[in-house]
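Protein chains: 2
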Amino acid sequence: MMNRVKSFTCVSCQAQYSSLPSTYACPACGGILDVVYDYGSIDGGRFVLALADNPDRSIWRYEELLPVAPGAARPKLRVGGTPIYRAPRLAEEIGLSGVFIKDDGVNPTASLKDRASAVAVAMALEAGAATISCSSTGNAASSCAGCAASVGLPAVIFVPERAPAGKLAQLRIFNAVVIRVRGSYRDAFRLSREAIGRYGWYNRNAAINPYMVEGKKTVSFEICEELGSALPDWVAVSVGDGCTVAGVWKGFRELHDIGAISRTPRILGVQAEGSNPITVSFRTGRPMQPGREDTIADSIAVGEPRNPVKAVNAVRDSGGTMIDVSDEEILSAMRLLGRTTGVFGEPAGVAGLAGLARAVREGIVDSSAGACAIVTGNGLKDIQAGIRAAGEPITIPPDIALLERELARVAPSVLS
Amino acid sequence: MMNRVKSFTCVSCQAQYSSLPSTYACPACGGILDVVYDYGSIDGGRFVLALADNPDRSIWRYEELLPVAPGAARPKLRVGGTPIYRAPRLAEEIGLSGVFIKDDGVNPTASLKDRASAVAVAMALEAGAATISCSSTGNAASSCAGCAASVGLPAVIFVPERAPAGKLAQLRIFNAVVIRVRGSYRDAFRLSREAIGRYGWYNRNAAINPYMVEGKKTVSFEICEELGSALPDWVAVSVGDGCTVAGVWKGFRELHDIGAISRTPRILGVQAEGSNPITVSFRTGRPMQPGREDTIADSIAVGEPRNPVKAVNAVRDSGGTMIDVSDEEILSAMRLLGRTTGVFGEPAGVAGLAGLARAVREGIVDSSAGACAIVTGNGLKDIQAGIRAAGEPITIPPDIALLERELARVAPSVLS
Chain A
0 MMNRVKSFTC VSCQAQYSSL PSTYACPACG GILDVVYDYG SIDGGRFVLA LADNPDRSIW
60 RYEELLPVAP GAARPKLRVG GTPIYRAPRL AEEIGLSGVF IKDDGVNPTA SLKDRASAVA
120 VAMALEAGAA TISCSSTGNA ASSCAGCAAS VGLPAVIFVP ERAPAGKLAQ LRIFNAVVIR
180 VRGSYRDAFR LSREAIGRYG WYNRNAAINP YMVEGKKTVS FEICEELGSA LPDWVAVSVG
240 DGCTVAGVWK GFRELHDIGA ISRTPRILGV QAEGSNPITV SFRTGRPMQP GREDTIADSI
300 AVGEPRNPVK AVNAVRDSGG TMIDVSDEEI LSAMRLLGRT TGVFGEPAGV AGLAGLARAV
360 REGIVDSSAG ACAIVTGNGL KDIQAGIRAA GEPITIPPDI ALLERELARV APSVLS
Chain B
0 MMNRVKSFTC VSCQAQYSSL PSTYACPACG GILDVVYDYG SIDGGRFVLA LADNPDRSIW
60 RYEELLPVAP GAARPKLRVG GTPIYRAPRL AEEIGLSGVF IKDDGVNPTA SLKDRASAVA
120 VAMALEAGAA TISCSSTGNA ASSCAGCAAS VGLPAVIFVP ERAPAGKLAQ LRIFNAVVIR
180 VRGSYRDAFR LSREAIGRYG WYNRNAAINP YMVEGKKTVS FEICEELGSA LPDWVAVSVG
240 DGCTVAGVWK GFRELHDIGA ISRTPRILGV QAEGSNPITV SFRTGRPMQP GREDTIADSI
300 AVGEPRNPVK AVNAVRDSGG TMIDVSDEEI LSAMRLLGRT TGVFGEPAGV AGLAGLARAV
360 REGIVDSSAG ACAIVTGNGL KDIQAGIRAA GEPITIPPDI ALLERELARV APSVLS
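These protein sequences, in sequence, are chains A and B. So for the first sequence, numbering that gives the first Met the number 0 puts the first residue at 0; every next one is plus one. So for the second sequence, numbering that gives the first Met the number 0 puts the first residue at 0; every next one is plus one.
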């Protein structure tokens with residue numbers, strides 16, 4: 000192995016392995032594994048300096064802390080390098096001293112999941128796989144299919160029946176074999192697991208394939224690079240399977256471990272009230288129990304998350320907390336984000352922001368704090384939710400008198 | 000004026016003006032104006048060198064050739080810096096030696112129009128406008144609304160009745176006042192012109208506001224920077240109002256004028272068969288006649304383009320040509336692009352590629368040539384078209400036997 004991966008540690012029993020078992024799970028206890036690098040061999044100061052000279056704006060600029068061998072084949076989409084915005088009007092509206100918005104919805108297939116899928120496709124190529132597969136609520140699916148298409152790797156994708164049309168259209172355009180499973184995400188996951196085992200496809204399922212967290216952590220690397228010493232006190236992100244929040248934290252922790260940053264933010268993990276098994280586990284300290292998948296935020300409607308231990312550990316290690324938000328709060332956050340920043344997030348994409356707003360109201364996050372909300376997916380993925388959040392346009396015949404009457408009703412200020 | 004704009008030239012009668020008339024049009028003949036810089040004061044070699052050291056990846060890295068005063072207020076969305084991909088499998092399928100895909104669908108509001116709207120909002124702020132307005136088939140609208148929202152500038156947007164749901168959802172989320180006009184794009188344009196005149200809003204209408212071409216030309220600046228000496232023989236782009244193709248050519252021409260590039264590509268302007276008044280004018284040499292708006296490519300369904308002279312001049316000056324494509328060719332190009340590159344373009348977004356494929360088949364573009372197709376908008380803007388192009392997914396209950404039967408039918412290779 001030409002990269003700096005040193006070992007794999009089980010997040011449940013802490014057993015260590017020098018190579019990744021083919022089934023991914025810990026052979027001792029069945030737990031999820033975590034990738035460990037030879038951190039001692041990486042000098043934080045030199046790591047940061049090298050970045051300053053690196054013209055590559057994609058996730059591959061961080062290859063020293065990625066599991067892909069240098070020079071290995073990679074998907075051709077440019078993943079990462081997404082913008083971060085200072086949002087003073089938004090901060091004022093939710094009562095915080097400062098808020099940054101990290102817009103991961105402008106990734107090539109329009110979600111943060113591209114970061115994981117780019118690593119997955121690179122690992123599948125390295126393994127010589129003939130087909131890649133995953134189950135997903137939609138974004139992992141479309142990102143996997145897009146990255147696979149960019150290198151001509153066949154993809155078989157399992158989605159739950161409820162996956163929004165935008166994500167299905169992406170999958171089909173990327174020429175994936177799309178299996179829409181009548182039932183929940185859980186049903187789609189189980190069928191994919193059975194099929195992957197039977198046909199020997201490369202398994203991109205995020206929660207159990209430990210490399211996916213490695214791709215996702217690059218969002219935090221970017222936040223650190225972009226904000227430098229302005230790194231905020233809190234970073235808010237939505238939680239579904241638990242893999243993304245684990246990646247977000249791992250990114251900060253690793254940069255801290257190698258000495259590239261001097262402090263780490265606290266993580267605010269946000270679930271939807273109608274699908275909150277990880278929040279419940281975090282609060283009670285008890286093992287996660289499967290629950291409902293009842294929220295407008297389809298990407299985080301995960302009744303049986305596969306990565307609760309990693310997620311809970313991540314939030315706890317960061318000194319952060321977890322919180323739930325209602326669908327109404329999510330829709331309100333979509334409007335707030337769009338109105339104040341010009342960023343259109345999908346429901347799950349803005350759940351982190353919705354949770355941040357609630358955490359401020361409840362005094363969990365102090366109003367003097369600075370925060371960053373990661374927008375994990377583009378609102379164009381779920382247009383119906385956008386219209387539900389913001390309402391229909393005004394429709395009139397081309398008549399100036401009718402126009403003036405309507406403007407006087409809905410926006411009198413533009414007439415003055 | 001702190002920028003390098005020297006004058007405004009009428010594209011119809013060549014009259015020159017030292018400042019921009021408030022109605023935009025040429026006072027002498029009513030023609031469209033074009034922005035002229037003091038090219039002699041800009042050294043091409045120094046321009047290129049300065050770019051190498053400029054960390055700003057947005058369109059503002061080119062401010063020396065933009066009409067916005069240095070240091071002036073600008074919208075906060077990061078516009079431009081979109082990726083360009085080498086597409087060898089696509090090139091092989093259409094029979095060209097090499098093809099690049101410039102994916103402008105990953106702009107903040109998911110289309111090339113962000114480049115123009117960013118300049119529009121900056122100019123509106125400079126003018127002290129209280130409201131910005133435009134009519135648009137959809138992308139100019141959503142980009143205008145998004146850029147305006149990022150700085151809290153109210154926006155009134157006119158769209159034709161047929162604007163796809165994705166674009167409407169964006170507009171509403173960005174809190175624009177959205178007037179959906181029963182009728183065609185022509186009707187929406189006329190009502191907007193009347194209202195803008197009556198209420199004194201800043202007019203972002205692309206074809207008549209000469210600054211919009213200035214934003215759009217940055218896509219060509221990026222292509223030159225990214226490809227350097229590999230600049231292709233042809234650049235293909237879809238044509239609606241005529242403003243984008245004029246901008247694409249102006250970008251190449253200006254870099255050539257200041258000596259930053261030694262040769263320019265030929266422009267392939269592509270319209271839809273069901274809405275092709277500019278192609279007809281180009282072919283016949285006669286003034287443009289209004290026509291139909293009958294194509295799946297809603298963004299270029301423009302029955303009465305406002306910029307035909309600029310468009311025809313641009314294509315002719317470049318030594319290029321114009322071509323039409325059918326809706327079937329557009330749908331086919333959507334599949335081809337997605338399957339071979341992982342990029343999902345909207346129908347108008349891939350019309351340039353569809354035209355390129357046809358131009359190769361017809362011998363207009365030689366198979367030994369290299370080309371770049373600009374993807375002007377993201378497929379997530381028009382999901383129905385995506386499904387129409389690529390077909391519905393397979394829906395089954397969670398049952399491995401049923402799965403295997405379906406896979407054997409649609410994708411037997413993944414079973415072996």
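Just so you know, these hints were derived from the structure itself, not from any lab. Check each hint, because a few of them may be wrong.
Claimed, not checked - So the derived list for chain B, only partly shown, Cβ under 8 Å to chain A, looks like this:
#, residue
1, 19
2, 124
3, 265
4, 385
5, 388
6, 407
Here a beta-carbon is modelled for each residue, glycine too, at the ideal position from N, C-alpha and C.
For each hint, the structure was consulted:
| no. | hint | verdict |
| --- | --- | --- |
| 1 | 19 | violated, 23 Å |
| 2 | 124 | violated, 14 Å |
| 3 | 265 | violated, 26 Å |
| 4 | 385 | holds, 3 Å |
| 5 | 388 | holds, 7 Å |
| 6 | 407 | violated, 11 Å |
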